[in-house]
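Engineer: Given chain A, put chain B in place with the hints provided.
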Amino acid sequence: MVKPPRRGARLRAVLAASSVALLAVSGCAKSEDGGDAGKDQGGQGQQAVQSTAAAGPTCSLDKFGGEKFDLKSAVVGFSQSEKEANPFRIAETGSIKAEAGKIGISKLRATNAQSQFSKQISDVQQLIAQGAKALVIAPLNSDGWEPVLRQAAAKKIPIVTVDRKINGTPCQDYLTFIGSDFVEQGKRAADQMIKALDGKGKVAILLGAAGNNVTTERTQGFKQQIQAKAPGIQVTFEQTGEFAREKGQQVTEQLVQSHPDIDAIYAENDEMALGAVTALKGAGKKAGDVKIVSVDGTRAAVQGIVDGWIHAVIESNPRFGPLAFQTLQKFLDGEGIPEKVIISDREYDSANAKESLAGAY
Amino acid sequence: MSQATAAPARPALDRSRALAWLQDYGVYLAVALLLLFNALFTPHFLEVGNFRTQLVQVAPIVIVSLGMALVIGTEGVDLSVGSVMSLAAAVSVLYLGYGVAPALLMALVAGAFSGVVGGSLVAFVGVQPIVATLALLVGLRGLANVLVPQLKEFRDPALLSLGSDAVLGVPYVVLVAAVVVAVVGFLMRRTTFGRRLVAIGGNRRAAELSGLPVRRVLVTVYALSGVLAAVAGVLATARLQAADPTSLGLFMELSAITAVVVGGTPLTGGRVRVAGTVMGALLMQLLTSTLTKHDLPSSWNQMAQAAIILVAVYAARERTTR
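Chains as they are written, first to last, in our numbering: chain A, 1 to 361; chain B, 1 to 322.
The following block holds chain B by itself, in its conformation from the complex:
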């Protein structure tokens, strides 16, 4: 009985510490466990070709998720990413007649522009991020469908090569994703922009009062998310060897939010975990791959994903309610 006064405090602290650890590093643990499981039980898993397949498939999700992580870091959300992908797909094949470089440039410009519109609605007009980007989610898919009404195959050798070739065994698609990871990591760790972004997400009012260019940073963040989604859309199109605005990027916003949340970035803003987001996307990819390779029904995949999201949300809860 003499310890009764001190005892309740200790376990509570340990528990919240454990949860904080789970939020920060749980995703690494989960990826490690899945890799171990596959190494033991999945035939042909430990082959270079397999890792290449997984990385190629996850690359567009990683790229979109990093843009999403930046937006979520400002306490926002970007629901338009999937539709921006489809718009980028449509625009890239529409301008292919001028050559690959102008076509891809136009696709990226379209992505940046979508982001600027969304960001302006949020920063200047004061529309809530979820509403502003929901409008874009609906509208941009419609626009993409008007531009390219049905799946359109292309034959441009340079664009085909972007989707299927590799340098020194590393597919271009994976290379682009790696560059994006490095750039976003650099932005967040080494630049004033990164620090401002986090400051705005942590407390917008305080950031405004201390004279930070809040609106400019917000618009830039949404524009970045738009450009990254467009990059992903172009890569996915190059891989498919056809632009398919009707179904490309459907539900991508949900996959991206999942990767960000599972990676330990809180939805309340003020924190962006770049490596965690990459691991979050990898975890979801590995999960899908594991269930597919073991020929289990896709409904299992959905339920397993839900379980992982719940664990992530539970781990994040403790920290945000403090």
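Bound-form chain A, shown alone:
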């Protein structure tokens, strides 16, 4: 009988066998075809500025205290907050990288914090250590940035935050914020809901993840507007779907079972709305039986409008690349930069969904 192999040998054997099998698994995959027709259409669906807090103070290079440098040859850092696994993050990172390539920024350094705030802090610290002269940050949280802001301020590195804010003093801790107004998105969703229901009915809300300012503000705007404009509409149910399709589906299944009289659903992102659609189909409802209004503007949701299952979608445009780099360039050229740049988001409904499909992300 041979002697049993040593532990190390066994471990190596297990690892070797696993890697061979992994290669085999990924080698001959064949998925359904025709799935992702038409990736992001270059120029379409660009962001436009809606308001720039024009009355407020602006920030210039002199006031900030930095020095002019050439954006194209400098190291520019981009810190993404969440994994590029949902359409919003994919489009956001894609837009930053594409625009950097287009205008010739050769040293763009991109990081991804994988939804861990501590990782995002160290990511940005790494970028600063690598000599980044300017930073574009999509923050996971608004708070907790003090140590990073202090380091960046000491080196006079301008920071542009996109899609979520960083709590701090503009022109001192950071340069400016570019993003959507989430309260406004909620209000516009409410306007669409009022139109869909003719001002009366019972609405359920699929809330986003708890403890997230996007959730709070989209809820606040929606409820305020409903209260002000359509007292005949009641919000009778609000449960979190955690911004995820599966959870949106499960909550909606419970909802239609216990509240069969529900007239409409306000989903705080498209993924939950699409989960709700699956649940409604499963419960034997027909397209349009329950009106759905959601926020995001992903292609799958706009397709949902075309198919009749979703009533309207308020866009939250993730294509920050052009505006972010234009803002940095203007700043370096000595122009004054407003402390926040609010972008104008589009709206999709049955009137424009079909022809807008290509511009959705």
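Simulated from the structure, these hints should not be mistaken for laboratory data.
Don't take each hint at face value.
Simulated restraints on C-beta separations [claimed, not checked]:
{"hint": "1", "chain 1": "B", "residue 1": "Gly202", "chain 2": "A", "residue 2": "Gly211", "range": "42 to 50 Å"}
{"hint": "2", "chain 1": "B", "residue 1": "Ile309", "chain 2": "A", "residue 2": "Gly211", "range": "37 to 45 Å"}
{"hint": "3", "chain 1": "B", "residue 1": "Gly202", "chain 2": "A", "residue 2": "Ser19", "range": "48 to 56 Å"}
Listed below are several chain A residues computed to face chain B (Cβ distance under 8 Å; list not exhaustive) [to be verified]:
{"hint": "4", "residue": "Glu32"}
{"hint": "5", "residue": "Ala85"}
{"hint": "6", "residue": "Ser122"}
Glycine included, every Cβ here is placed at the ideal spot set by N, Cα and C.
Structural biologist: Below, chain B alone, put in the same frame as chain A:
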């Protein structure tokens, strides 16, 4: 005073007996109470559609929990189940081009293989179960994300039908879960494999000394857990009508361990309660459903779950410290 010598012994015995009863049957009582509460206070609860919804939602958890119960029976734990679900989701849509049967087969093979790797690390290399399967928890989710980087919808009619159709009013998803319950029940009650599993969990050293094929049984148990997690992943994917490796099965290992523990299976191994585990999963499902239907915040759900786990752990404590 004359009874003082005998008196302390009796209540102590009753108390430990009561706790043992609580561990074994408390979950049935809790499910019965929740059903009663809902029948009285939740509108539209006593409808066929409602029971169908609850069973469909609980089916993947039941399937994963039974695999977990087997592993826990060997005094181990399988933290990789949620990631195996996501891997199965990714693999199934990746191979859908060959047809449903090959795609599902590949997903199950991937699950079995993950289990064999985990089981081999435990049985042959001597890595602690919690560490071996933690490595898989992290690694397999990563692999699934590499294979399918973002949510991928599919249109295959057979796979869609698996997720949404029914025979004689019983959804396929529920049917598969019922078959799994029957098979695992049979394994544990009627086969040598089941008896060996329990023997190993009760006392591994003794099992080795008496010549049981301990390593082979261990690898088989983890492989079974992997296959069951893959089955659950495929069913969840079929239901969602899309593969979502990023979020599918997140925290499933915790839900499964909860169902097993609440169902009365001790974490110290040597005992597997199949029906109890099913009831444990049902209890958690009913709890979530009750709070959702009454529109209470999800934080209540988390606190209520914690309370139930504490009761279960307390009931189990007495027996294990003896």
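Engineer: The structure should be examined with respect to each hint, and the outcome stated for every one.
Structural biologist: Status of the hints after comparison with the structure:
Between Gly202 of chain B and Gly211 of chain A the C-beta distance comes to about 44 Å, which sits within the given range of 42 to 50 Å. For Ile309 of chain B and Gly211 of chain A, the hinted distance range of 37 to 45 Å is not satisfied, since their beta carbons lie about 23 Å from each other. Between Gly202 of chain B and Ser19 of chain A the C-beta distance comes to about 36 Å, which lies outside the given range of 48 to 56 Å. Interface restraint check: Glu32 of chain A against chain B, minimum CB-CB distance 5 Å, threshold 8 Å, status holds.
Proximity of Ala85 of chain A to chain B holds as hinted, the smallest CB-CB distance being about 4 Å (cut-off 8 Å). Below 8 Å, beta-carbon pairs count as interface contacts, and Ser122 of chain A has none with chain B, the closest being about 19 Å; its hint is therefore violated.
Comparing the model with each earlier hint shows violations of hints 2, 3 and 6; every other hint is respected.
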